[in-house]
Each structure stands twice: as structure tokens, then as C-alpha cells.
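So the protein lines, in turn, are chains A, B, C, D, E, F, G and H.
Heads up: the first sequence begins at 0 in numbering that gives the first Met the number 0, then just goes up one per residue.
Heads up: the second sequence begins at 0 in numbering that gives the first Met the number 0, then just goes up one per residue.
Heads up: the third sequence begins at 0 in numbering that gives the first Met the number 0, then just goes up one per residue.
Heads up: the fourth sequence begins at 0 in numbering that gives the first Met the number 0, then just goes up one per residue.
Heads up: the fifth sequence begins at 0 in numbering that gives the first Met the number 0, then just goes up one per residue.
Heads up: the sixth sequence begins at 0 in numbering that gives the first Met the number 0, then just goes up one per residue.
Heads up: the seventh sequence begins at 0 in numbering that gives the first Met the number 0, then just goes up one per residue.
Heads up: the eighth sequence begins at 0 in numbering that gives the first Met the number 0, then just goes up one per residue.
No lab work stands behind these hints, which were simulated from the structure alone.
The beta carbon of each residue, even a glycine, is placed where N, CA and C say it ideally should be.
Some hints here could point you the wrong way.
The list that follows gives simulated cross-link-like pairs (lysine to aspartate or glutamate, DMTMM-like), each with its CA atoms no further than 20 angstroms apart [claimed, not checked]:
id : chain 1 : residue 1 : chain 2 : residue 2
1  : A       : 90        : B       : 17
2  : C       : 55        : C       : 44
3  : A       : 59        : G       : 132
Which chain H residues stay away from chain C? Per the calculated CB distances, all over 10 angstroms, these [said to hold, decoys possible]:
id : residue
4  : 17
5  : 54
6  : 151
Number of protein chains: 8
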Amino acid sequence: MYGWDVYLSGEIHTDWRERIEAGADEAGLDITFSAPVTDHEASDDCGVAILGQEDKPFWKDHKGAKLNAIRTRTLIEQADVVVVRFGDKYKQWNAAFDAGYAAALGKPLIVLHPQEHTHALKEVDAAALAVAETPEQVVEILRYVIAGELPGRARAAAE
Amino acid sequence: MYGWDVYLSGEIHTDWRERIEAGADEAGLDITFSAPVTDHEASDDCGVAILGQEDKPFWKDHKGAKLNAIRTRTLIEQADVVVVRFGDKYKQWNAAFDAGYAAALGKPLIVLHPQEHTHALKEVDAAALAVAETPEQVVEILRYVIAGELPGRARAAAE
Amino acid sequence: MYGWDVYLSGEIHTDWRERIEAGADEAGLDITFSAPVTDHEASDDCGVAILGQEDKPFWKDHKGAKLNAIRTRTLIEQADVVVVRFGDKYKQWNAAFDAGYAAALGKPLIVLHPQEHTHALKEVDAAALAVAETPEQVVEILRYVIAGELPGRARAAAE
Amino acid sequence: MYGWDVYLSGEIHTDWRERIEAGADEAGLDITFSAPVTDHEASDDCGVAILGQEDKPFWKDHKGAKLNAIRTRTLIEQADVVVVRFGDKYKQWNAAFDAGYAAALGKPLIVLHPQEHTHALKEVDAAALAVAETPEQVVEILRYVIAGELPGRARAAAE
Amino acid sequence: MYGWDVYLSGEIHTDWRERIEAGADEAGLDITFSAPVTDHEASDDCGVAILGQEDKPFWKDHKGAKLNAIRTRTLIEQADVVVVRFGDKYKQWNAAFDAGYAAALGKPLIVLHPQEHTHALKEVDAAALAVAETPEQVVEILRYVIAGELPGRARAAAE
Amino acid sequence: MYGWDVYLSGEIHTDWRERIEAGADEAGLDITFSAPVTDHEASDDCGVAILGQEDKPFWKDHKGAKLNAIRTRTLIEQADVVVVRFGDKYKQWNAAFDAGYAAALGKPLIVLHPQEHTHALKEVDAAALAVAETPEQVVEILRYVIAGELPGRARAAAE
Amino acid sequence: MYGWDVYLSGEIHTDWRERIEAGADEAGLDITFSAPVTDHEASDDCGVAILGQEDKPFWKDHKGAKLNAIRTRTLIEQADVVVVRFGDKYKQWNAAFDAGYAAALGKPLIVLHPQEHTHALKEVDAAALAVAETPEQVVEILRYVIAGELPGRARAAAE
Amino acid sequence: MYGWDVYLSGEIHTDWRERIEAGADEAGLDITFSAPVTDHEASDDCGVAILGQEDKPFWKDHKGAKLNAIRTRTLIEQADVVVVRFGDKYKQWNAAFDAGYAAALGKPLIVLHPQEHTHALKEVDAAALAVAETPEQVVEILRYVIAGELPGRARAAAE
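Sequences and hints are given; from them, build the entire structure.
In C-alpha cells, the structure reads:
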């Protein structure tokens with residue numbers, strides 16, 4: 000079995016990425032995780048910090064968002080699996096954008112969100128191969144998909 | 000010049016589609032517009048209405064969203080240009096999903112939203128070839144792109 | 000709205016294709032239906048009838064199946080939507096093959112089969128955007144997807 | 000010569016995978032084999048075991064089949080060669096689905112089945128580059144294709 | 000049924016194209032045939048006739064072959080089916096090149112050649128969905144594939 | 000023979016497009032020509048004229064160039080053949096950009112430029128299927144490619 | 000984080016490549032840089048030096064440019080990010096061609112040029128995800144994109 | 000610089016492959032060469048030797064050619080550069096087929112043949128980025144393309 004590349008898109012204000020990475024590590028899975036830059040301030044400022052100030056907020060955002068796109072598109076295209084997390088707050092349109100982008104590329108999509116978003120996210124969920132509510136479920140999915148192991152069972156498949 | 004196919008994605012509670020279609024018609028542009036099913040209730044109920052009731056809201060949404068996807072993905076893939084509108088209300092994750100989907104397919108993208116969403120939509124705007132605030136601007140863009148005409152000028156280009 | 004191309008794959012011993020075509024016609028939908036050659040004997044014999052007899056059944060089948068593939072692959076690739084029907088009898092591996100072929104091409108897939116096949120067809124159903132049990136449901140799906148109309152409701156959407 | 004990736008799809012109730020892997024190993028071939036999760040029960044239960052119980056068998060199957068699809072599609076897309084085995088029993092529609100999926104992606108396809116299935120599998124065989132009856136023949140094919148060696152001959156080709 | 004595009008590649012010294020076109024016409028098939036420029040002298044001279052003389056035969060050939068490629072590649076890519084004819088004489092490497100080009104694009108390929116070329120053309124035949132010996136067989140294939148009709152049988156399939 | 004789509008990219012200060020279109024018309028060729036907006040001022044101003052003024056020249060250019068890209072990319076992707084003209088003046092980087100864009104899409108490319116640019120355009124010419132010096136040569140190329148006719152010869156090929 | 004491949008296209012008369020490579024090295028970034036052959040004379044002469052003299056300058060250039068294309072297209076297609084530099088002198092149409100080629104392949108594009116070229120390069124800049132004026136800015140972009148670090152800030156993101 | 004994959008297609012009766020491999024080795028180039036099975040007898044017999052005898056020569060050839068296709072298509076698709084050699088004898092249609100296949104995939108193509116075949120191979124040469132007459136020229140091309148070195152010059156480019 001070769002190593003899998005998993006991209007973790009979306010919400011950046013809780014520790015869901017760390018929990019998935021720790022769980023995968025504990026399960027001994029050979030996964031390389033990648034993600035957007037998760038430092039909110041850096042992500043907002045990168046365009047003007049590197050390429051020069053802008054008077055209008057629109058162009059500041061534009062320059063920054065494009066720099067971030069160099070990273071995110073490259074990593075999504077390289078990923079075997081894309082996980083998109085929607086949290087409790089904010090518009091999170093970039094998360095839904097990433098989900099659409101990954102879906103159009105044919106990437107297997109796992110969506111992670113609290114149950115209360117079910118109706119609002121129904122189009123995103125409809126494009127996914129799994130809809131989870133906790134990071135631990137995502138770890139279990141990755142463990143099953145990569146190693147063939149289910150919770151509470153012995154290793155199901157050598158590979 | 001051949002006829003253009005333009006898909007109008009997103010918000011379904013105002014008359015922005017009608018305003019674009021009427022403006023394009025008035026400008027004499029040869030455009031075939033398409034859109035998702037814009038009857039909100041039909042769009043929500045279609046899955047269970049046709050394929051049978053579900054106890055859980057998740058599966059009701061799932062069946063419906065997948066039927067809608069037959070339409071939306073087919074029309075987006077067929078479109079020459081995709082316009083995505085974000086309104087004042089609701090999560091509108093399906094609009095952002097469509098934008099990501101269209102971007103990954105390499106479709107020219109026009110985003111239409113009020114200025115107050117600039118920061119929250121910066122990743123979507125960064126993938127667009129135009130960001131407009133009014134349906135009338137979208138008409139002007141289509142008129143220029145298809146017919147080479149600018150507001151307040153005589154016809155600029157034969158095509 | 001442009002005309003849709005819908006390919007009807009699978010079982011050839013009942014009148015499900017006729018029922019879908021009649022229903023779509025009655026609903027006034029602009030659909031061009033296509034299908035494999037549904038004359039079982041012709042489909043089996045075409046290879047040797049045109050290109051010369053074979054001693055071994057394998058090569059007779061091989062020559063015939065390849066001629067049929069000229070038709071089926073061309074029409075599947077041209078289709079906007081692929082409907083695959085599994086009936087009560089026979090192995091029907093060609094139907095499942097077509098479903099896989101269409102799925103890999105990213106074609107919206109509608110699967111039509113009796114409930115008793117649910118478990119055996121779970122991988123095929125998982126790749127579909129709709130799973131129906133009757134030809135009439137397929138007509139309703141096409142009517143909703145193309146015309147925005149639901150059973151028992153007035154026309155829901157202009158398109 | 001680089002290492003080859005070979006995906007072994009289909010029947011999970013006999014030891015055909017082990018025989019191919021052992022034969023390839025004995026022949027000194029540099030092949031990484033992959034496969035679906037071959038623990039039947041785990042494969043059936045994975046969806047509800049990880050993501051929560053379902054009342055309807057359809058949704059239990061649906062959730063499980065989609066998790067399995069994360070694995071199978073990723074591995075098929077990564078494979079250089081796809082081998083699909085049809086056994087004596089069961090519907091095996093997932094095997095035919097995988098064959099169609101691989102064919103549409105342009106993957107070289109080897110089909111492995113008993114002679115009695117020749118007629119029923121003619122469309123699948125017609126898409127294949129080899130049709131074998133025993134796992135040992137598959138090993139010989141891989142040995143020839145990768146190392147240029149034929150049974151009963153000295154090494155035929157350096158590579 | 001929509002009209003089919005069939006490209007007729009290869010040998011230009013016999014009337015095989017006319018026989019196929021006449022046969023298809025007689026059978027009432029809706030086919031648009033295309034072909035390379037079949038005037039041998041024009042095909043050889045076109046480069047220097049339009050773009051200026053060359054001293055070296057290599058560059059004369061090069062300029063001409065590239066002009067012809069504008070036509071042949073465009074028409075092959077547009078074709079639903081590609082027929083490649085190998086005759087009795089000449090190297091005919093351009094025919095084999097077209098066959099490889101069409102195969103890599105996934106176009107259904109019909110090869111037409113006398114039996115004596117079977118061994119020399121085995122790689123080309125292996126990529127084809129039909130290998131015929133006479134133009135009349137090609138007409139029968141097209142009639143079956145498009146109209147579902149076999150020789151000596153009533154119309155087999157509506158389409 | 001179906002109608003061809005030909006995109007005419009590049010220099011906008013001489014009448015080369017008109018000469019090609021007139022020549023093709025005179026030759027009775029069924030070609031739909033397309034082009035960028037050739038009104039220089041409109042092309043420069045379109046972004047700010049429709050979407051609002053900018054203080055910085057960079058953003059004025061940026062908004063305009065993106066609107067133009069909606070047109071040019073759509074038409075290049077739709078074209079069967081792309082002609083790129085380099086004139087005597089200006090940087091003309093957009094022409095070279097279009098040539099690279101068309102080449103990567105696999106579009107047959109005809110480059111039209113005065114001999115003095117041969118060395119500077121060698122990479123562009125190397126990607127082309129024809130390099131012409133006059134619009135009349137482009138007409139002759141199109142006449143030969145589409146109708147099989149050479150200057151000073153009777154019609155060479157039916158098609 | 001895996002290693003990134005970055006292609007450095009364009010101007011070959013200043014040390015901008017060395018400055019980017021040194022800066023990336025200093026920042027500890029795992030990047031494999033590639034570039035065209037930057038020895039101007041070798042790049043001009045390679046065709047005739049290897050494949051034989053030509054009388055006409057056009058064919059000397061043609062043979063050389065095609066050899067260079069073997070290298071440049073392979074490396075651009077392999078790159079994760081393409082940087083294109085426009086300097087003060089020369090036509091630099093090959094740089095613009097590379098930019099168009101990379102854009103059509105969907106490669107993230109960084110353009111590097113002095114401010115005075117802003118208007119002439121507006122179409123190229125419009126296709127880019129970043130427009131820089133100094134090699135040091137390109138280093139900062141790569142550092143941010145790959146390592147999540149901004150100038151004057153501590154490391155922003157683990158990856 | 001990463002290692003290059005070069006596929007050597009075509010003639011199998013002279014030592015041209017060995018001369019290229021030895022030359023590349025001497026030049027210190029990091030190239031992985033691949034090729035079809037070059038044992039003529041094994042290549043002819045492989046199908047029946049592994050999968051069982053056939054009465055008709057056509058099917059013997061067919062089975063063998065398909066096994067060879069598993070190898071050749073996989074290696075061509077994996078190659079960065081494809082070299083196709085035409086020798087003095089035989090039809091060599093498989094070489095021309097490989098050239099067409101590689102061209103349609105967009106692979107850089109180097110054709111190697113004696114001058115006397117120039118006219119007969121003009122369509123193949125027109126699709127190539129280099130046409131050489133000796134294996135040593137192919138080595139020089141690879142050395143220049145990969146290492147930037149020309150004969151009789153010091154190393155021209157670091158890479």
C-alpha cells in the first residue's frame with residue numbers, strides 16, 4: 000500500500016485537523032496531510048505583505064486570496080481524498096468552493112459538519128462519499144479505507 | 000457569432016435572473032440562459048415526491064439534492080459562462096459549491112454580490128473573471144463580451 | 000432549453016424503454032433517447048453475420064460484442080444522462096459494465112431496478128444520482144430535471 | 000523498469016488474489032498489488048459501523064458502498080493494470096462495474112473467469128486486453144508484460 | 000438518432016471510399032463522411048504551392064504534411080468512428096499513424112485490409128473494434144451500429 | 000463537410016482579418032470567424048467602464064483584461080483552427096500568450112508574421128502547423144484544408 | 000509536505016533565477032527548480048549542431064526551437080508552479096507563449112516584470128495568481144505558499 | 000533535475016537501443032529507458048503460449064498483440080519522451096501506430112530513420128519534435144534536452 004495524500008479544507012478555528020492527524024498517527028496510517036495556511040491573519044494579509052499595500056479592501060483581499068489559491072489548488076489536485084469541514088460560525092464560502100472544486104476534479108470527498116447544517120449543506124453532502132459529524136469518524140473512515148480496519152474488529156484486510 | 004450558453008447559479012429569492020434575461024434580450028444578444036429549478040419548495044421536495052418518503056431529514060435532503068445535481072451539473076458543464084449570485088440571506092453554500100465546480104472545469108466565472116460580502120467571498124472572487132454588484136453590470140459584461148459593445152459607445156466590434 | 004440526450008442501458012426483455020419514451024413524449028419533454036440494439040438475436044449474431052463465422056463461441060461473442068461496443072460507447076459518451084435498468088433475470092453484467100463506464104466519464108446516472116436487488120447493486124447505486132423502481136419514476140425524474148415540474152404541482156420553473 | 004501497480008477487483012471468496020501475489024513474488028516481479036477490502040462482513044457493515052445505524056437496508060448499503068468507493072476508485076485510478084475476477088456465485092455486479100470504470104479510464108484490463116461465463120461476460124471480455132481462466136495465467140501475463148519472460152523460455156527481454 | 004461522423008483514413012488509390020459512401024447512402028444512413036485530401040499530387044505539393052518552394056525534399060514534405068495535419072487531426076477528433084484502410088501497396092505509415100492517433104483518443108476504430116496483412120497489422124487490429132476485408136462489410140457494420148439492421152434480417156432496432 | 004470555426008488572434012491595427020474573411024468568402028468556404036474585440040479603446044476601457052473606476056492603472060488593466068479573457072478563451076476553446084498574427088509594432092505579448100494557450104489545448108495553429116520576426120518568434124513558429132507571411136496565404140491554407148483546393152488547380156478533393 | 004516543482008521561464012540575461020534559487024535555499028524550502036537551457040548560444044544552435052546545418056535561417060531556428068520544446072514542455076507539464084519573467088529588452092515572445100501554455104494547463108502562474116510593462120502584459124497578468132516586481136517577492140510568495148511563513152512574522156502554519 | 004523516462008519504440012533487429020542506452024550512460028544522463036519486448040519470437044507467441052492455442056492465425060496474432068499492448072501502452076503513457084525507430088525492412092506499422100498514439104497523447108516525439116524514408120514518413124515526421132538519422136544523434140538530443148550540453152561545447156546549463 001502506498002501513502003495517501005489527504006487535504007483538510009475549511010474551518011480554521013478549532014482543533015479538528017490536529018485530532019484527525021493524531022488519530023491517523025495513532026492508527027499507524029501512512030497519510031500525508033495537507034491544508035490551507037491556517038493562520039487567519041497571515042492568510043488575510045499575505046497579498047499586501049508581500050506584493051504591496053492596497054487602498055481598497057477588495058484588492059487587498061484579491062491579492063491575498065490568489066496567493067492562497069496557489070497553495071490550495073495545488074494541494075487539492077495532488078490529494079487522493081479531500082475532507083471539508085464546516086464549523087458553527089462564519090460564511091465559510093471558501094469551504095464550499097473547495098468542495099465544488101474537488102467534486103469537479105472527481106476527488107473522493109468527505110464532508111464534516113454538525114447535524115444542524117444538514118439542510119443548508121445538502122448539495123455539498125450530495126457530492127460527498129461520506130458525511131461525518133466528528134473528526135474521530137473521519138479517522139475511522141480513513142482507517143477503514145486505507146487499512147481495511149473497523150472499530151471493534153480485528154484487522155479486516157491486509158493490503 | 001454563435002449563440003452563448005450562460006448558467007445563472009445561486010440566490011433564488013429576488014428577480015436578478017429576470018433582470019439579466021430581460022437586459023440581454025433588449026440588447027439583442029443571442030444567449031440561452033439556464034438555471035437550477037428556482038421553485039424553492041419543489042427543489043426541496045423533489046426527491047421524496049418522486050422516489051418515496053424518508054423518515055430522516057438527511058435522506059430527504061440527500062435524494063432531493065442528487066436530483067437537482069442531475070440538472071445543475073449538466074447545465075454547468077454545457078455553459079460557456081457561469082454567473083453565480085450571492086444574496087443577503089442564507090448560507091448559500093450551494094452557490095459557492097457551484098462556483099468551485101465551475102472554476103475547476105475552467106468555465107469563465109462572473110460573481111454577483113453586494114459589496115458587504117467582499118471579504119467573505121474573496122476566494123470565490125479570486126477565481127472569477129468579473130465581480131459585479133448589479134444584474135445590469137452582468138448584462139453589460141455579456142454585451143461587451145459577446146457583441147463588443149460598451150455603454151455609451153457605438154458598436155465596437157463586428158464579430 | 001436545449002434538447003437532452005438520454006441513453007437507456009440494460010435489460011431488453013420488457014417494455015421499460017417504451018414506457019419511458021411514451022411518458023417523456025406525453026410530458027412534452029425534448030429528449031432524444033438512444034439505446035443498444037435491443038434485438039437479442041441480432042446483438043448476439045452481428046459479429047459473425049457481417050465479418051464471417053467462427054468455430055469457437057468465444058470469438059463469435061468477441062466479434063459481436065465489439066461491434067455492439069461501437070454503438071454503445073459512442074452513445075454513452077454523447078449522452079447527458081444514462082439510465083441503467085436491471086431486470087429480474089440473467090447476469091446482466093453488461094448493464095453493470097455500462098454503469099461503471101458512465102460513472103467514470105462523470106455522466107449523471109439513474110439506476111432502475113426492483114427492490115430485491117438493493118444489496119447486490121449497492122456499489123452501482125452508490126454511484127448513481129437516483130435509484131428508481133419504476134419507469135414512471137424515471138419519467139418523473141426527467142420531467143423534474145428538464146422542465147422543473149413535480150407530480151401534482153403546476154410547472155415549477157421556467158428554464 | 001519501475002514498479003507496476005496492479006488492482007485485483009472482484010470475487011472475494013476464493014484464494015485467487017493470494018495465488019497471483021505468490022506467483023508474482025516467486026517470479027521476482029516488482030508489483031504493488033491492491034484490492035478492495037476483502038472482509039465481506041466489514042465491507043457490508045462499514046458505513047453504519049462508523050457513521051451510525053440506518054433503519055432502511057438501502058441506506059445502510061448506500062453508506063457502506065460509498066465508503067468502499069473511496070478506496071476502490073482511488074486504487075483503480077492509481078493502477079497500471081486492473082484484473083477483474085468473476086467467480087461461480089453471486090451477482091458480482093460490482094466486479095462488472097469496476098471493469099466498466101477501468102475501461103472508461105483507459106486502464107489495461109485483464110478479466111479472469113471460468114469458461115462457462117463466456118457468453119454472459121462478452122461485453123466485459125471485449126473491453127479487455129486479456130481473458131484468462133486461472134490465476135496462474137494472470138501471473139504469466141504479468142511476467143511477460145513486465146519482464147518479457149514466457150513459460151518454458153529463458154528471459155526474453157531486458158527492460 | 001443523430002447523424003454520425005465517420006472519418007475514412009488511409010489508402011487513396013482505389014474506390015473504397017466511394018463504395019462505402021454509396022452503400023451507406025443506399026442504406027439510408029445519416030452519416031457525414033470525411034477524409035484526407037485524396038488528390039495525391041495536391042497532398043504532396045500543398046506546402047510549397049502555398050508557402051513557397053524549398054530546396055530540400057525534407058522541408059517540402061514537412062510543410063505539406065503539416066498542412067494536411069490541420070485537416071486530418073481536426074476531422075479525426077470530430078469523428079464518432081474512424082475507418083482505416085490499408086491497401087496492397089506502399090508503406091502507408093500515415094494510415095497506421097492515424098490508427099494510433101485515433102486509438103489514443105478513444106475513437107472506435109474499424110480497420111479494413113486484405114487478409115495477407117493480418118500478421119503485419121496485428122497491433123493495429125488489436126486496437127480496433129472491427130477488422131473488415133471489404134468496403135461492403137464496413138457498410139454492414141455502420142448499418143448495424145447505427146440502424147440496428149443485419150444483412151438478411153428485418154430492421155432489428157428502432158433507435 | 001461541416002462548417003469550420005477559425006479564431007483570428009493578435010494584431011488589431013491593419014486589415015488582415017478583413018482580407019482573410021473576404022478571401023474565404025470569395026472562395027466559398029463555410030467558416031465562422033471569431034476574434035477578440037478589435038476596438039483598441041474599448042478593449043482597454045471595458046473593465047472600468049462597466050465595473051467602476053480604479054485609481055491604479057494596474058487594476059484598470061486587470062479588470063479589463065479579465066473581461067476580454069471571457070471572450071477570448073471561450074472562442075479559442077471553441078475554434079477548430081487558431082490563426083495568430085504578429086505585426087510590426089508593439090509588444091504583442093497577448094498574441095504570443097494566445098498562441099501558447101491554443102498550443103496547450105492542441106488546437107492547430109497558423110502563425111502569420113513578416114519574415115523579420117522569424118528568429119524572435121521561433122518558439123511560436125515551432126508550435127505551429129503553418130507559418131505564413133500574408134493573409135492571402137492563410138486563405139489558401141484554409142481553402143486547401145477545408146476544400147482540398149490548391150491555387151492554380153481544379154478542385155482536388157470532394158469531402 | 001512534499002517537495003514542489005517550480006519552473007522558471009523567460010528572460011535569460013540577468014541573475015533572477017539564481018536569486019530565487021538562493022532565496023528559496025536560504026528559506027529552507029523543498030523546491031526543485033527547472034528552467035529552459037539558459038545558454039543563449041547553445042539554445043540558438045542546438046538544432047543544427049546536432050541534426051545538421053540548414054541554409055535558411057528559418058529552418059535553423061525551427062530545428063532548434065523544437066529541440067528546446069522537448070525540454071520546456073516536459074518541465075512545464077511537470078511543474079506545480081510556473082514563474083515567467085519578462086525583462087527590459089527583446090521581444091520575449093517565448094516567455095508569453097510559455098505563460099499561455101501554462102495557463103491553458105491550469106498551472107498556477109506567477110509573473111515577474113518591471114512596472115513599466117504593466118499595460119503591455121495585462122492579458123498575461125490577468126491569467127496569473129501573482130504579479131511580482133522582484134525575485135525576492137517571488138521567494139516570499141513561495142515561502143508563504145509552501146511553508147505558510149510571512150516576512151516579519153513567526154512561522155504561520157505547520158503543514 | 001529529476002530522472003527522465005524515455006520509451007524506445009519500433010525496429011527490433013539492430014542494436015540501436017543498446018547504442019542509445021550506452022551513449023546516455025556514458026553522458027551520465029539520469030534516464031530510465033523502456034521498450035516493447037524485443038524478442039521477436041516471444042512477442043509473436045506470447046498470446047497462445049499463455050492463454051492457449053488458436054486455429055486461426057488471426058486470433059493467435061490478436062491474443063499476442065493485446066498482451067503486448069498492456070506493456071506498450073502503459074510504458075508510452077508513462078514516458079516523458081518517445082523515440083520511434085524505422086529500419087530498412089518490414090512494414091513496421093506498429094512503429095507508426097505507436098508514433099500516432101504518442102502524438103495524440105501530446106508526448107514529445109523523436110523519429111529515427113534513414114533518409115530514404117523521408118517522403119513515406121512525412122506525416123510521422125511532421126508530428127515529431129526531432130527527426131534523427133543515427134542513434135548517436137538521439138543521444139545528443141537527450142543530452143542537450145536533459146543536461147543542456149552540446150557536442151564540442153562545455154556544459155551549457157545547470158538544471
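20 angstroms Cα cutoff - pair residue 90 of chain A, residue 17 of chain B: Roughly 27 angstroms separates the two Cα atoms, so the pair is violated.
Non-interface claim for residue 17 of chain H, where every Cβ of chain C lies beyond 10 angstroms: Per Cβ check, residue 17 of chain H is outside 10 angstroms of chain C; nearest 39 angstroms; holds.
20 angstroms limit on alpha-carbon distance, applied to hinted pair residue 59 of chain A and residue 132 of chain G: holds (17 angstroms)
Assertion that residue 151 of chain H lies farther than 10 angstroms from chain C (Cβ): holds (52 angstroms)
Holds or violated: residue 55 of chain C to residue 44 of chain C, with C-alpha atoms at most 20 angstroms apart: Between residue 55 of chain C and residue 44 of chain C the Cα gap is close to 13 angstroms, so the pair holds against 20 angstroms.
Exclusion check [residue 54 of chain H not at the chain C interface, CB over 10 angstroms]: violated (7 angstroms)
Against the hints set out earlier in the document, violations occur for numbers 1 and 5.
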